[in-house]
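Protein chains: 2
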Amino acid sequence: MMKLSKLSMAICLCAGCSLSFAFEAGTFEASYPGIGGMVPVKVTFSKDKIEKIEVDPNKETVGIGQNAIASISSEVVKTQSLAVDNVTGATVTSKALLDGIKECVQKAKGDVAQLTKKKNIAPVIAKTETINTDLVIVGGGAAGMIAAINAADQHLKVTLVEKMNFLGGASAICGGSVVTEGSQLQKDLGVKDDTPAKLAYDLLDNGHQKNDMNALVFYVNNVGKSIDWAVAKGVKFEKDFSFRAEWRTSRMVPLKGGCPAFAETLRELVKNAKVNVLLSIKAEQVNMTDGSATGITAVGKNGTKYIINAKAVLLATGGYGYNKEMLKGSLKDALYYGPVSSTGDGHKMAENAGAAMQLMDYGKLYPQGIEVAPGIAKSTLQGNIGAYNQAGIMVDKNGNRVINEKGSGKDMVAIQTKQPASTLYLALDQKSFDGFRDYAKKNGISSEDIDKWLAQDGKKPPLFIKGNSIEEAAKKAGINPKNLLDTVEKYNSYVVNKDDKDFHRPVKFMTKTIDVSGPFYIVEQKPRFATTLGGVKVTTKMEVLDKNGKPIPNLYAAGELANSVHGDDSAPGANVAWCITTGKTVSDAIANKLQN
Amino acid sequence: MMKLSKLSMAICLCAGCSLSFAFEAGTFEASYPGIGGMVPVKVTFSKDKIEKIEVDPNKETVGIGQNAIASISSEVVKTQSLAVDNVTGATVTSKALLDGIKECVQKAKGDVAQLTKKKNIAPVIAKTETINTDLVIVGGGAAGMIAAINAADQHLKVTLVEKMNFLGGASAICGGSVVTEGSQLQKDLGVKDDTPAKLAYDLLDNGHQKNDMNALVFYVNNVGKSIDWAVAKGVKFEKDFSFRAEWRTSRMVPLKGGCPAFAETLRELVKNAKVNVLLSIKAEQVNMTDGSATGITAVGKNGTKYIINAKAVLLATGGYGYNKEMLKGSLKDALYYGPVSSTGDGHKMAENAGAAMQLMDYGKLYPQGIEVAPGIAKSTLQGNIGAYNQAGIMVDKNGNRVINEKGSGKDMVAIQTKQPASTLYLALDQKSFDGFRDYAKKNGISSEDIDKWLAQDGKKPPLFIKGNSIEEAAKKAGINPKNLLDTVEKYNSYVVNKDDKDFHRPVKFMTKTIDVSGPFYIVEQKPRFATTLGGVKVTTKMEVLDKNGKPIPNLYAAGELANSVHGDDSAPGANVAWCITTGKTVSDAIANKLQN
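Line order of the protein sequences matches chains G and F. By numbering that gives the first Met the number 0, the letter at position 259 of the first sequence is numbered 258, and the numbering carries on one by one without gaps. By numbering that gives the first Met the number 0, the letter at position 592 of the second sequence is numbered 591, and the numbering carries on one by one without gaps.
Hints listed in this document are in silico derivations from the structure and should not be mistaken for laboratory results. If you're wondering where the values come from, they're calculated on a predicted model, not measured in any experiment. Glycine included, every Cβ here is placed at the ideal spot set by N, Cα and C. Among the hints, erroneous ones may be present.
[Stated by the list, open to error] Short, incomplete list of chain G residues facing chain F, as computed with Cβ under 10 angstroms:
id : residue
1  : P195
2  : A196
3  : L198
4  : L203
5  : D204
6  : G206
7  : K209
8  : N210
9  : N213
10 : L215
11 : N491
12 : V494
13 : T539
14 : K540
[Unchecked claim] Below 20 angstroms or equal to it, Euclidean Cα-Cα: the simulated EDC-like pairs (lysine to aspartate or glutamate) are:
id : chain 1 : residue 1 : chain 2 : residue 2
15 : F       : K549      : G       : D587
16 : F       : K224      : G       : D545
17 : G       : K209      : F       : D204
18 : G       : K224      : F       : D545
19 : F       : K209      : G       : D192
20 : F       : K441      : F       : E370
21 : G       : K209      : F       : D192
22 : G       : K549      : F       : D587
23 : F       : K327      : F       : E283
24 : G       : K191      : F       : D567
25 : F       : K209      : G       : D204
26 : F       : K310      : F       : E324
Modelling step: build the complete structure from the supplied sequences, incorporating the hints.
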């Protein structure tokens, strides 16, 4: 590392300020923890300028953290300032990078305080830009990107508006599997007898017949063709079905590389398509003329107002999981693990345009959440599997088991949401905790994370407790110690007799007794959700319906905004397939309408 | 009764003949058995003329037999001839009436042979008539009549074409109950939480997910409003639900007066509406211009060809149960109890117009049929109930029981269709046979019918056997006598122990042992059907789809012709409701389209 002892002054290059800085010319390095590990940054200084910022290989999320790294680095160099905002949706990565740059500035003897001062930016004169387009799509998640790609392929003039500074929405954090009913993919994997009606039946079963029937028939009639389209466009799938009890017919296929790869493929396709992508521009309303949608109004970060006139408006704005004000019922207290961009913007825009809404109380809850930040979850789904392979059990605050730990998530949530603070607890001996720790990595929970949480000793969430004995761990976690001891003994007798008389845990997951000698661990288990199920009412062509049941001309919905297709619960693989189906089929219908 | 001894001659008044007749002036009476009992006729003669035919009160079917009586009476008087054809679909009534008239002619000393001679009618010059209309409806069953009434209410010019000489189709022989999901009627009866999705789920369950999803969504979204319409128009319902296992939600309500009253209400409404009803005119094809339906061509009995130009064509032609050539699979051998007019005309017309067909193998089978004429069934549903209330059992040709006699019809048909000649047998001691005879009346089977069939002693169908002992009855019926004896003994032991170890017949229907002392009776049980389930593929607006999945412009389907909505089985009350829903909603859509 070079060091220069001579300080020099320089005039800042930025327009709205006249500060001057001095650095030791040279390249300095620092590294702070991001979301996927450390974020190693290298900053090169001349005497009076931050010349270059480089970030070494890291595990920040493609399309989210990586975009934040690129945009923040370029912003700092461009503005010669550290007064750069974190990127919404990539806060942890942004902070890691900015902290690293600041350390480099300190190492280069720069004045961090001065550089971090908000600049006296001359007030921006708000501009208004008018854009004329065939189709404006609001929201750059899976549904919006697919609609944009497909509409552009059909020579529509497409404008895609995304409030974040990257495309992806919830697509990169999805479950990673896709329903393929009626597709060539499904047939090639050996299932040729699936039908729209069979899929509809399973969806109605899973969603307790709260499903929107119009959306449902649209879904089942079009999913196969839409999956075929995705395959043709380069979306990659595994070579076998994934089996789940929700589906009576084999129709769920994992995405190759999971959802991150899926999202990346879509981003590439958008890049290569003739789509006018407007990032960091937030749609604010659907413009209506004589009861018909005629475009949208959006606002850029710099205050620029965009009037986008369009022949068709497609809202693909995702859910409202990150908007507490819109959450109801058990969702209000559940932990969230979805994207921060899911704030229900499209729900509000649609409602203001006269749309009828439904099922706004519902979301897809899973039982295996730990609270890693206020209101924010990480999933321990994999960690639990590791624990149950050993001798892990689940108990309530009274220290009693309440369910077959290997039962369905749906049954577990039903019991969990009736507990104080909707919380259940994993009760783990050493080998079970080791199993938990090992498997938890698959959900992106590192051993370091776990040690940090253990060190907090329950003083702040997530609750990870270690005690020298069962009683000590129980007491620290606020669980009835005597009952927990009894529960452990009873469970051990069930293991010996190969019969869980209380909850019928499968014998193959009861091979080991719980070690009562200590140490002993307690881990909180709270409901988590990412996907909301409430949304707009639609016709069988995904036209948005008004409160009198009439379609609002030229206004369409796709993806999570129209999630009532699922009813009060969503089945595995059904959300991604829904985004693909709506994105593809609605854009086809719009192209067909505009060109005929 | 007057008698005149003087004979006189007269010139026949009919145009195409020059025969002369002589009668004893006066009024004569005769009476022959029809379908519902005796048909008493009074004929008044002058010296040279049949002056008047009157028929006294009788039980012939309203809308079918009664129409035949009216049209034959008027035809005989008008043509002064007995060479009048039986009315198709009312053969028994026609024959009873004509036999009565002939007897009266004999009593009046008229020359029956001469009067029955085919007249030398001058060859008819085939005419062509052209009719211009807004909507032409083919088929005057429930769906067609409702569409006609509703379209006329909305000031469309409506032409209703029916090949029979009366309106009604299958409506008068339906099960008599109606699905009411979402209607005010259902709410008024206390069920307010039914939904389209709940109905869809039950229909998919019952139809084994073979249901047409487009038709299904159309059905569940529109049935409630359609029932409300029917109520407003004067269709009368009972004041309570009828409960059936197929429905998870109470939604089936019996029609007041059953289906005959329903059909009669519709006929009255058609009569009072501004509808151009063309009876005895058979539609032969949908006329197509540039791929769009532009009307139909039909032919009258006298050879007149009708070109009916229309802006919309609605096919409501019913099923194909009476057309052996179109029946497949287990339907081919099943007995039929539906209307003779169900010959699949609309299926053929639609297919010739390019329509895609589906589920043509399926019909709604019931297990309790006896063959009263070749291929024709009557139902013994009620008779069986009477027999099972005593000690009646059901056996196969080997003399073994094969099922819980009180189980579902669906399960019974599944076993029955695997038997030789798809036949099972009621095995009845005297008190069980008495119970059968008593209850069978509710299905229109008289004690005289039963005695007649017993007298035939199995020499021709239906098989009704009486033997002095179990063995004798079994032998005559071709059933293994030893096995039947063993079966009876075993069943009796189950009755004593209150436990049917083989098939779990409910104990409350096992209160009496079978009397082994004789006499003993065997009654055949064959599958019967009236409703076919195959039909045209449709859009969610009941537009007929072509083989490429594109709607055929201006061509719509309603009623049994689009019965694939039900899947491979139809649930109770779902057929009548389907006819009401399609008739009402499709005509609304057509009116809306033509007037906007």
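Structure versus earlier hints, numbers of those that do not hold, lowest first: As far as the earlier hints go, 11, 12, 23 and 26 are violated by this structure, in ascending order.
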